[in-house]
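Residue numbering for the first sequence follows my numbering, beginning at 24 and increasing consecutively.
Treat the hints with caution; some may be incorrect.
Said to hold, decoys possible - Below, simulated EDC-like cross-link-like pairs (lysine to aspartate or glutamate); rule was C-alpha separation at most 20 Å, straight line:
id, residue 1, residue 2
1, K431, E68
2, K195, D177
3, K110, E68
4, K278, D209
To be verified - FRET-style restraints, in silico, Cβ to Cβ:
id, residue 1, residue 2, range
5, V435, A160, 23 to 33 Å
6, N71, N400, 25 to 35 Å
7, R298, E114, 49 to 59 Å
8, Q401, L223, 26 to 36 Å
9, E36, T217, 31 to 41 Å
10, G212, K431, 24 to 34 Å
These are computed hints drawn from the structure, not numbers from a lab. Only a predicted model underlies this, so the values are computations on that prediction, with no experimental measurement involved. All C-beta atoms in this analysis are idealised placements derived from N, C-alpha and C, irrespective of residue type, glycine included.
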Amino acid sequence: MIDIQQIREDSQEVIARYRIRNFDASDLVNRIKTLDARRRQIQQELDNTLAEANAKARQIGELFKTGKGNEAQALKSQSAELKKKSKQLQEELDAAANELQELMTNLPMLPHPSVPAGNTEADNLVVREEGEQPRLADGAKPHWELASEHGLIDFAAGTKVTGAGFPIYTGKGAALQRALIAFFLDEAGKAGYTEVQPPLLVNAASAYGTGQLPDKDGQMYRIPEDDLYLIPTSEVPVTNIFRDTILEEDVLPVKYTAYSVCFRREAGSYGKDVRGLNRLHQFDKVEIVQVVHPEKSYAALDEMVEYVAGLLQKLDLPFRVARLCGGDLGFAAALTYDMEVYSAGQKRWLEVSSISNFETYQAQRMKLRFRRAEGKNQLAHTLNGSALALPRVMAALLENNQTPDGIKIPRVLHKYTGFEYI
RNA sequence: GGAGAGGUGGCCGAGUGGUCUAAGGCGCACGCCUGGAAAGCGUGUAUCCGUCAAAAGCGGAUCAAGGGUUCGAAUCCCUUUCUCUCCGCCA
Numbered sequence: 024m025i026d027i028q029q030i031r032e033d034s035q036e037v038i039a040r041y042r043i044r045n046f047d048a049s050d051l052v053n054r055i056k057t058l059d060a061r062r063r064q065i066q067q068e069l070d071n072t073l074a075e076a077n078a079k080a081r082q083i084g085e086l087f088k089t090g091k092g093n094e095a096q097a098l099k100s101q102s103a104e105l106k107k108k109s110k111q112l113q114e115e116l117d118a119a120a121n122e123l124q125e126l127m128t129n130l131p132m133l134p135h136p137s138v139p140a141g142n143t144e145a146d147n148l149v150v151r152e153e154g155e156q157p158r159l160a161d162g163a164k165p166h167w168e169l170a171s172e173h174g175l176i177d178f179a180a181g182t183k184v185t186g187a188g189f190p191i192y193t194g195k196g197a198a199l200q201r202a203l204i205a206f207f208l209d210e211a212g213k214a215g216y217t218e219v220q221p222p223l224l225v226n227a228a229s230a231y232g233t234g235q236l237p238d239k240d241g242q243m244y245r246i247p248e249d250d251l252y253l254i255p256t257s258e259v260p261v262t263n264i265f266r267d268t269i270l271e272e273d274v275l276p277v278k279y280t281a282y283s284v285c286f287r288r289e290a291g292s293y294g295k296d297v298r299g300l301n302r303l304h305q306f307d308k309v310e311i312v313q314v315v316h317p318e319k320s321y322a323a324l325d326e327m328v329e330y331v332a333g334l335l336q337k338l339d340l341p342f343r344v345a346r347l348c349g350g351d352l353g354f355a356a357a358l359t360y361d362m363e364v365y366s367a368g369q370k371r372w373l374e375v376s377s378i379s380n381f382e383t384y385q386a387q388r389m390k391l392r393f394r395r396a397e398g399k400n401q402l403a404h405t406l407n408g409s410a411l412a413l414p415r416v417m418a419a420l421l422e423n424n425q426t427p428d429g430i431k432i433p434r435v436l437h438k439y440t441g442f443e444y445i
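Please take these sequences and the hints and turn them into a complete structure.
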């Protein structure tokens, strides 16, 4: 949620900035402006009424104490009137505040000035590309064929046990998964991220805090009996550690990393995009999360991109980095970089990481602040990124490293896998 | 899942209808004292909303959450929730 102060101060500027998202906010912003003024007016009236009622109650107490009970009777009825009035005002205030909140929730984050214009993925701005795309012999295979050939993944069994999109890793496939998780966590630790193991189920307040609710309601699996949600990413539980928190300024930046299983319904997906490991309902991911001082959040974003680039270099995977255009930018993000690896068997770029600065969007919802040495408490900025999502990394590793003698495991993983070839 | 006891400020803890503007202690900050420190003494120390250009000030709200009784609720009633103890179940 954006800061309503920005709308009060310069609503035209806010509307103009939303255009980069191809979002015409003029109607919504104007309604918010009107409603905000109304809300404040009601509150003033209510506060005055309550102040009066409080004064009367004090008077009555005084009169009883000094034995003038009869005089108090008259005041009682006045007080009752005030109460009736304040109750009504309170209802009006609640209604206005709720409606305002609801409208604010419909506003996405204001995009950063560097976000390029555009509508779709095709308009994203590739800002970096490196690594050599492997030249494979004729007959190079996609990862799903390699996986079944070498007994790494049993898609059919997963479909039987659960359903499509729930693969079962077996043998060296399972070991490679475990190796990647350990490698990513160790690297994050070296880069100063504290490892955490979060719950895989979260409550509605947490899902709201990071912006999954109400916007992406249909994306999450839900446990209705307990009103809990399976996490679509560990960003949700990890960032919500700081919900309703005021941090001391000197603990910033907070840097956390977490491995978790992630669950996504991916309703409506089909076709070649979901073949093999390309898109799953359940997958593994190591996430990095930062809570930072607002003035340092873009430096932190760059640092995170650099960190993930380093992982891909170590795995010897060709990759590119794209700055998402306004039309492709997520609801909660001010600026996002997608990292894609080239997967030579499918001859496609696969997204393996998405790194975003949410500025105050999540902080506002979560009431995550820090205490300034001078002045008022202030909202912190939150960021997160995948480092990395495993399935597509696995797909690219299998496809790019296929040789007539088997699949080569990158050197950095040897100590984790215990084998160099599959 | 059953029974019982609880939830008060950063922490501990008092508080059974008006003087709660929440005692007292700890912690923290600043000052005095000191050669320096400790001790001691003094002062301060929550969050949110509104008002104001802003700060101060002022008004309102908040004693787990929500509702109720009352002129007036931390205090009484109802609901929910969480924690603890015992029992049951269990990796």
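The hints, checked one at a time:
1. The suggested pairing of K431 with E68 is violated, with an alpha-carbon distance near 73 Å, which exceeds 20 Å.
2. About 12 Å separates the Cα atoms of K195 and D177, which keeps this hinted pair within 20 Å; it holds.
3. Proximity of K110 to E68 is assessed by CA-CA distance (about 12 Å); at most 20 Å being required, the pair is judged to hold.
4. Between K278 and D209 the CA atoms are separated by roughly 14 Å; this keeps the pair inside 20 Å, and the hint holds.
5. A beta carbon spacing of about 25 Å between V435 and A160 agrees with the range 23 to 33 Å that was offered as a hint.
6. The given range of 25 to 35 Å is respected by N71 and N400, whose C-beta atoms sit roughly 27 Å from each other.
7. Restraint check, R298 to E114: a C-beta distance of roughly 55 Å satisfies the suggested window 49 to 59 Å.
8. Remark: the range hint 26 to 36 Å for Q401 to L223 is upheld by a beta-carbon distance near 32 Å.
9. For E36 and T217, the Cβ-Cβ distance of about 38 Å falls inside the hinted range of 31 to 41 Å, so the restraint holds.
10. Judged by the Cβ atoms, the range 24 to 34 Å given for G212 and K431 holds: they are separated by roughly 26 Å.
The structure fails hint 1 only (numbered hints given earlier).
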